[in-house]
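Visitor: All residue numbers for the sequence shown refer to the numbering used here, where the first residue is 94 and numbers rise by one.
It is worth saying that the hints were derived from the structure and are not from the lab. Even glycine gets a Cβ: it sits at the ideal position worked out from N, Cα and C. Treat each hint with caution, since some may be false.
Have a look at the derived ranges for each label pair, beta carbon to beta carbon [what the hints assert, rightly or not]: (1) VAL183 - GLU150: 20 to 26 Å; (2) SER141 - ASP180: 18 to 24 Å; (3) PRO145 - ARG196: 25 to 31 Å; (4) ASP142 - ASP180: 33 to 39 Å.
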Amino acid sequence: MRNLIKSLTKTHKPAAPRPRGTCETPPAPSQAACFTVLVIDASSSMESDDYPPSRLEAAKRGASAYLAHRVALSAHDRIAVVSFRGDARVDGPLEEIKGSARRIQNAIDSIAAGGNTSIGAGLRAAEGLLLGAPSGWMTRLLGDPVRVALPSGHVKRLILLSDGGRTPVASHGRSPSD
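Throw the hints in and build the complete structure from the sequences for me.
Guide: Structure below.
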């Protein structure tokens, strides 16, 4: 019995703290929510079935898994859904997932493939949503995914789900990345 008590009260070296503001751990009561925009490629190249049933369905499954993960960690996070083809479309606004998870999931599920690739339009739409989110400022979005820890403790994240395939934009006179 004495050994059991010793082992239970033995001092353990604490685990190294995780970095704050990365949205990887459940937020402490004083930590602000994470704002995420899921940017999903809905161009015709996403209809390819080399990743069954299609690249788009794989991207939607990834977005759904991220939503479920965030719901389990913090219902106060906010998630928006943007899709892009020849232009960008906000399928679901940046809203708190508490009470809106079903609506966000429906926005993900409703995305259909077709049209040209315009990654730039999708990123600009996401940037606009994140600039409008509370906290006052944001650096330029570069990379995938983008996480910017703000002084207020908010984290803004953009997750791009794309095959990276270029579908030409013949009629617009712009490159597909515009």
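Visitor: Hint by hint, note whether the structure agrees.
Guide: For each hint, the structure was consulted:
1. VAL183 - GLU150: 20 to 26 Å: For VAL183 and GLU150 the Cβ distance comes to about 21 Å; the hint holds.
2. SER141 - ASP180: 18 to 24 Å: holds (21 Å)
3. PRO145 - ARG196: 25 to 31 Å: Given a distance of about 28 Å, which is inside 25 to 31 Å, the answer is holds.
4. ASP142 - ASP180: 33 to 39 Å: The hinted range 33 to 39 Å is violated for ASP142 and ASP180, with Cβ atoms some 25 Å apart.
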